[in-house]
Structures are given as structure tokens and as C-alpha cells.
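*Asks:* With chain W fixed as given, assemble chain A onto it according to the hints.
2 protein chains.
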Amino acid sequence: MRPTLIVGSIAFDTLHLSGKCHSKVLGGAATYASLAAAHFAPVQLVGVVGHDFPDSAIKLLKDRGVDLAGLEVARGETFHWEGRYSEDLSSRETLRTDLNVFADFKPKIPQSFRAAPYVMLGNIDPVLQHEVLDQIDKPAFVLADTMNLWIDIRHSELQKLCARIDMLVLNDEEARQLTDEKNLVLAAKALQALGPKHVCIKKGEHGALLFQGDEVFALPALPLSKVVDPTGAGDTFAGALIGYLARGGDLSSTSLRRALVHGSVLASFCVEGVGTERLAAASPSEIHGRVEGFRQLTSF
Amino acid sequence: MRPTLIVGSIAFDTLHLSGKCHSKVLGGAATYASLAAAHFAPVQLVGVVGHDFPDSAIKLLKDRGVDLAGLEVARGETFHWEGRYSEDLSSRETLRTDLNVFADFKPKIPQSFRAAPYVMLGNIDPVLQHEVLDQIDKPAFVLADTMNLWIDIRHSELQKLCARIDMLVLNDEEARQLTDEKNLVLAAKALQALGPKHVCIKKGEHGALLFQGDEVFALPALPLSKVVDPTGAGDTFAGALIGYLARGGDLSSTSLRRALVHGSVLASFCVEGVGTERLAAASPSEIHGRVEGFRQLTSF
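As given, the protein sequences belong to chains W and A, one line each in that order. For what it's worth, my numbering labels the leading residue of the first sequence as 2, then goes sequentially. For what it's worth, my numbering labels the leading residue of the second sequence as 2, then goes sequentially.
Source of the hints: derived by calculation from the structure; they are not laboratory data. Here the structure is a predicted model, which is why all the values come from computation and not from measurement. Please note: incorrect hints may appear among the correct ones.
Stated by the list, open to error - No more than 30 Å apart at the CA atoms, straight line, and that leaves these computed lysine-lysine pairs for BS3-like:
hint	chain 1	residue 1	chain 2	residue 2
1	A	Lys-21	W	Lys-227
2	A	Lys-183	W	Lys-25
3	W	Lys-227	W	Lys-161
4	A	Lys-21	W	Lys-190
5	W	Lys-204	A	Lys-109
Bound-form chain W, shown alone:
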């Protein structure tokens, strides 16, 4: 079994959704990504939590096959984010961000994790993403996620990171922002020129694009009649994507395309429940069913 190393934030999210408040739900990019990847391969999680992190969350992660040897329990409280979604869930406002122990997060990769062949650098400071790569052996595949904040304040570190990774995952606005190029095809080419062989541009409800060499794959999203909570959908997508690659150990173009399909399938489960509940509960047959659903959705 090829394990996947996932580094990133672990948090509690307080979510205001359709007039209801869900207080301190388990969240964080690395949590979503780990629970998604764990459907396909063993996960080695590196992150930091506070003393308030409950045994129930530890148990949930362990039960799913997530190795917590890299989970640092620091003095203080766990990262907490609070946000309110608009009625139609198309936008959200941050009400509160308490970085807490995450403010001083310095990823320490346990010896037992350093040979992980598949690595996901979750959306954290690119300086820390570099530090993770400095601590590990040469992996078979490194995926990195990022966000507008780092494009703004860590532009050159992020560009340098691109030369060290195999796949950059970001959304359409971030791709435009990072390259200063409005056309997504040209933006993707500019990103590939920085280093990564694979560039995946997420477009939310409009699906995703995968650029590999001169080849493009376009995947629509599953049209869903019920979306409950979009939190973590992007992290889930990336986590399932790398977990799928780890399971198969196949880095062919077709395998990468199928990895996107599996990412999108897990993201579709993610948004159907509050927090990680639906994502964690998806069964292998449910996942298989939606992969087949994608074939029916897209075939002509």
C-alpha cells in the first residue's frame, strides 16, 4: 500500500448555513483532504491541534486509516474559523478567524512519513510547503494547493514551489491572479512553464480542467439538486485525487483524468452534508455509483 502524506490545517469551523448555526464542526483543509484520500489509500497526516481537540475526532481519523504520528498537540486552542454562507451558498463571509496554535505551525515530518511516495501540500504558507519538501525523500508525486492570500504575499516563494511539484491545484480566479492572464488556457500554460507537469484548475459548480503537456481534460461537476455545505469541497477534491493516484500507483494521463473524477465524486458527497459527515460516511459502492454517474453524465 502506497501511503499519502497530507500536510495542512486542522480546525474547528462554526458554520452559519440557511439560518442555522453549526458550532465547532471538525474542519480544516488537511482534515477534509485526509478523510477523502483515506477512501483510497492509507494517509499520513501532519498538522497541529490544541489541547481542546477531542478524542472523538482522533478516533474518527484513526478509524478511517489516518496515521496520526505527525499530529502535534500544542499548548493552546485549535484553529477556529467562523463563517456565514449566503442563502444560495454561492458566497460566504468570514465572521471570525482564531488561528490559535496554527499561527506558529511548523510542519515536522516524522521519520516514518519521510518516504511517502504521494504527497499533498495543503493550502498553507508556501514557505512551510518548501520546508515540508526539504524534510522528505523524493516522492513519486507532489500535489500542492494554494489560495489568493499566498499569491498576494508569497508570490515568489509560490513560483519557486511550482518548480518542485508535479501538480498545482487552484481555482480559476487564483490561476488568473497568479499568472496575470485572463484566458484560462494561457494561464494554465504559464503555470506549467513554472514547473508542474500537471495543472488542475477548479471551477466549483462548473467542474475542473486538467492541463497535462499539450493535452486538456474538462470535467463538469455532477449537477446536484441539494447542496448543504460547500465547506472543504476543494480540499476534498484534492485529497481524493491524490488518494486515488496513491491507490493505483499509475501516473498516466488517463489515470490522472480518473483521479479528477474521483476527486469530484468525493466533493459531491462532501457538499451534501454539514462538515465532514457525508464525506466520511460515503461507502465504496456509493463512490463507485457516482463514478458511473459521471460516465452517464458525460458520454455522447
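*Replies:* Chain A in isolation, oriented as in the chain W frame:
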């Protein structure tokens, strides 16, 4: 050969694109749709132009296999629209609309067109769309296009029209506006409940969705690195779609899906040139090549 009857606007467009002004280019929804449909089947065009409509445009349409027995030449000038696109072509502002002879357009369907098995009701007043249907025999397939203006001021006429057509084509915002439903899957179901068996929701650069019974088809758009002029892309899409159906005479679910692919292919040519120039010039082998391109783009 099964002809396609197309009713709608014929115009001159003055287009401001990337700082250049293209004056009085041949345009109008029915023009784009006819030139697109004519790649696949004979077209019978019904519309009105003024005395200023040039022989060169008449010749272009006739040479493409468009029957102009339904082209009314009225006293006055041809409909003229002038607009300026934003730098990235994502939005446009109308600078001038001279309806001219189009203001009094009353579609008169020639006897020789009344048995047309495939009919496209271009984006005109739903009252006129009803009048077209009143004048013709029962066709095998009727497609109707519409726009936000008619949803605002002809809401009930448009709803009643839905009961008389086989396919409604509209964009995502129009689908939400017409049904007062934010979720596109639920909006499509609400539209199907009004009558049309097939509902096609266009999403511009994000592709299109086709709802048929309980089945959904999602088609991404071809990622293009060069877009010159988006004018008429939606009309081209719908025109090629119905032209493709007319050519095959097959109304199966798979044939409908392939009709969307052909619509999208012709739209991709349309936006690569100013006005109708690239659309009209696409060769059968170029069209075939892009259909194959769609297979490579979407297969996994």
C-alpha cells in the same frame, strides 16, 4: 433532406472589440443560427431586412443552402445593434439599438415552409413565437430560444409557449429568472414541468447542460486560447444543434447529446472570428476534427 425552419432577427452589428470598431457586420440571431444549421441541413429562413440589406449577404446565405423565400424586404433600414465588449470579452454594453424594420416584424411563413419538420424559434417576442407555431404544421421537433427581456415582460406567454415546444434553450441566469429557482437542477425540472421534454441550459465558457426526462448530460466548452468575438455564439449553438438533429432525423437521447456537441463545436468556430466569418468558413473536416477534440477533452 429534412429542412430546418429558422425564424428570428437579421441585423447589422457594429462591434467594438479590443479597441477596434467593426462597422455594420452581418449579424442577428437567425443569421448566426441559419449559417450554423446550414452546415448540416437545408435551412428555411424567415426574417425581415431593410432595403439596405446587401446582395453580398443574400448571396452568402443562398450559397450556404439557406432558402430565402421567407425573407421579407421591408421599407426602411435593417435592424442595427452597436455594442462594446470589455477587454476580456466577459461583458458587453449596448451603445445603440435601432430596431428599424424589425420593430414591426410579423413572421409570415411561406406555404413552402409550413411542413418543415425541424423548427427553431429564435429569440423574438414569445407572442410572435406563438404566431409562427400557429402558421405551421405539427413539426417533429421545435426548439425555442429566449432572453431576459421576454422573461420580464412576456412571462405568461413564454410559459404557455413552453407547452408547445420540444426543447427550450436558455442560459443559466435566464433559467433561474424564469423559474425563480437558484439551483439549476431544480430550475431545469421546473422548466420541464412547463412542457418541453428537453431543456438545454447554456453556461458560456463553462459549457452546457441538457436535461431529458430524469437524465442529465453535461458538456464542457472547448477551452480556447483565442476568442475574438463572442457575438452570436449562443445562436450558433442552437442553430447547429437543430441542424444536426434535422440531418440525422434521430431524436434519441444520444442523438440529442451529440447535437449539443455539434452546437458547441460550431460556437467554438463562431467566437474565433468577427461576426459570422469563421462560422461560415468552417469546413466539414474542421468540424469533424473538433467533434473528435471533444471526445479527447471529455474521455476518462
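*Asks:* Does each hint hold? Answer for all of them.
*Replies:* Comparing the hints with the structure gives:
1. Our distance criterion of 30 Å between C-alpha atoms is broken by Lys-21/A and Lys-227/W, whose separation comes to about 45 Å.
2. Of the supplied pair hints, the one linking Lys-183/A and Lys-25/W holds, its CA atoms being roughly 28 Å apart against a limit of 30 Å.
3. Taking the CA atoms of Lys-227/W and Lys-161/W, the gap is about 40 Å. The hint is violated against a cut of 30 Å.
4. Restraint check: the Cα-Cα separation between Lys-21/A and Lys-190/W comes to about 27 Å, which is no more than 30 Å; the hinted pair holds.
5. A distance of roughly 45 Å separates the Cα atoms of Lys-204/W and Lys-109/A; the hinted pair therefore is violated under the 30 Å criterion.
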